[in-house]
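Student: For reference, the chains in residue letters:
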Amino acid sequence: MHHIVLERWSRGASALHRLDPRAKIVPLLALLAALATARHALPEFSAAVFAMLCAALVAARIPLFAALARAALVLPFAVVFAAVCWLSGDPARGLALALKSYLSALAVLTVVATTPLPVLLRGLELLRVPLFLLTVAQFLYRYLFVISEEAQHMRKAAAARGTPARPLESAGARFRAAAGALAVLFARSYGRAQDVHRAMLARGFTGRLHPLFDLRFRPADAAFAALASLAPVAARLAIERIR
Amino acid sequence: MKRPVIEARDLRFRYADGAPALNGVNFRLDEGECVALLGPNGSGKTTFVLHLNGLLEGQGSIEVCGLSVERRNLPAIRRKIGLVFQDSESQLFMPTVLEDAAFGPINRGMSRPEALERAMAALKTVGMEGSAARAPYHLSAGEQKKVAIAGILATDPEILALDEPTTFLDPPGQRALAELLGALPQAKIVVTHNIPFALALCRRAVFFEGGVIVADGPVDEVVSRFGWEFATAAARPRR
Amino acid sequence: MDVAAVPAVGYMVRRAQRGFDDAKVPLLGVMGAFVFAAQMINFPVGIGTTAHLLGGALLAYTLGPAAASVTMASILAIQALVFQDGGILALGPNMINMAVAGVLAGYLPFYLWGGGRWRRASIFAGGVLSALVSAVLALAELLISGVRMPLSILAVSLSLFLVAAVLEGAITVAVIGALEKIQPNFVRQPRQGRPFALGAAALAGLLLAAVGVLVAAAAPDGIQKLGIQTGIASRAQALFSTPFTGYQAAFLAAGWQRKTLGGLAGLALVYGACLLFGRAVARKRSA
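Chains as they are written, first to last, in the numbering used here: chain A, 1 to 243; chain B, 1 to 239; chain C, 1 to 287.
These are calculated hints, taken from the structure and not from any lab test. A virtual CB, placed ideally from N, CA and C, is assigned to each residue, including glycine. Check each hint, because a few of them may be wrong.
[Said to hold, decoys possible] Where chain A lies over chain B, by a calculated footprint (3+ residues, C-beta under 8 angstroms):
1. 65 to 79
2. 83 to 93
3. 100 to 112
4. 179 to 189
Work out the full structure, taking the sequences as your base and the hints as a guide.
Tutor: Written out as structure tokens, the structure reads:
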């Protein structure tokens, strides 16, 4: 499954991996802001951003083509908008949308592929994102694949029961069967949530969430953050001036 | 004379729908002792265990390590007795093995470095220190069980309570678990249907039936008395 | 858009935290995982087509609107970060559309009429609204950002949204029905006997706001004309002229700013409606 690849990438040991997550999140936000508001000279700016991100991926020893392909997962969504723009007689805007979508996805991927999720969440926590929300996301990720597997088992079991002979009749029955399967999955998930809570209590959970991690922000992190935040902004100003 | 670490007197409990689950359980566990809880499904074994750390509250009295099981003592009690649940997937709820093992110590208020040290030591005890950075989802059932035990050991308990620990394990895994547990000095309560496992690990067994304990003695005696021998070598194949 | 998302999600998170303690975290997380996994289960809806659950309404009816919002927000975040699904630039708008507006819009009919004879109908309506409001807001945001859409495409999009919304309603009501058979207290029980007029007014207000945003986005000049006719524009001009004499001409003369103002006004309407509604729910709960 895809997530395994991302998890493997995020456990690398390059200098980029070892940076404090905050030193990666802040430049990411700067880049996204610069990208989202870019209007003039977009092709040149996009090329500059693309080059920067590819350089980062290579430096982090992430397989480049695999990463570029994975970022393209965002495209089906953007292509729909682009098509609408094109049909409305404004192809330039459509292209701009698709380009921004892809590059922003690539930028996010660069950060996520060099930072294990728990560390990323801790970085966000230190940047004042509510701990409640982050911990919900942490538990979500933890049990995402467990419950997806259960859902898959249920689908296979349903398929194994054979397809009904008459298609028209079956649509309504199959609809109700799917609803029943979902309800069962809900009940199982709810039960699991209660089991998790019980296990937490049994190990001393007092009702207060504890910060996830210890992080130390070093001068090297600050230097990288400053440089990486300024780079896209400087690039854009330079390109727009030249144009 | 060994001191008791668990003393339960006339423990009674009813579920919310009124169904009786425990009808006057009397039980005693001594320091370092290992007891197997046997009995049919629904006889109250797991329900009983859930009372030991206050996850369920019934009538009667329970004392764990000299402390009465009531709200104000729960933090201390949950440090003294560690529960290993049947489903390890729900027990290992943190993103990595190391964080999960450190959950107990951190929730005690231990400092982060100390908690991580305890966690690593516990993982070494169960032989899983190499998997510290792995996600629990990727572990095998046997590995998960070991990490769950490590999570309990990290708080330095006096009693380990395990609910059907061999359920998802293959025979070699069961053997390894018996060896691991046998080497631990803590007192142990093992709810199980796995008779060879019980025989390998425990000297004493109690038999639950209808919410009460109806027998208490050496494992093989209790087993043969109630015809619980299907899984043992003593069972004869049907003709 | 991201700027508006931050306070909206922050408000919901704070509401959720006030309503229950950190002990609910595993519940929300696991049920978020459930929704993710549930989107894999296919509901046959005709020859060769299948639909799947979006989940906002279902979560609201079982966990409550605040918890549902937080759960939807984490689902969207994980989708964007880990699965590169939906795009990070759209995360802010998505949060408002789906995690805030969609959940609240879905909960409204259930809150009003879920306690009485119209339970199934209100569940269906909630499912429809949650999907419809999210989609309409997304469309409006697209128009505001300057994407031009000929009427034909607009009409096609809206009819597709309506179909998807009806499917969401049908799936939601079917799943809730099945859930109640397994365990009735999975699903909340709102109070009975709410005044019909109040409910209808609130619902109408919400629909008008959503439509208003769409219209404002699609035809900003109309709003401007309306503003001039009612004298609002000139009054606003006067307000701005006193301390900012030098800037006001430039400010109101720029074309795209007028359009944005119109669109933003509509959005503020919806946001305000959601905020007020959320506060009303919280007050009722603590009463």
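Student: All hints, please: hold or fail.
Tutor: Status of each hint after checking the structure:
1. Closer than 8 angstroms: that is the beta-carbon criterion, and the region 65 to 79 of chain B has 3 residues meeting it against chain A, so the requirement of 3 holds.
2. Coverage of the region 83 to 93 of chain B by chain A holds. Counting CB-CB distances below 8 angstroms, 7 residues qualify, and the rule asks for three or more.
3. With a threshold of 8 angstroms between beta carbons, the proposed coverage of the region 100 to 112 of chain B by chain A holds, since 6 of its residues qualify and at least three are required.
4. For the region 179 to 189 of chain B, the stated coverage by chain A is not satisfied: 0 residues place a CB nearer than 8 angstroms to a CB of that chain, which falls below the threshold of 3.
Hint compliance for this structure: hint 4 alone is broken.
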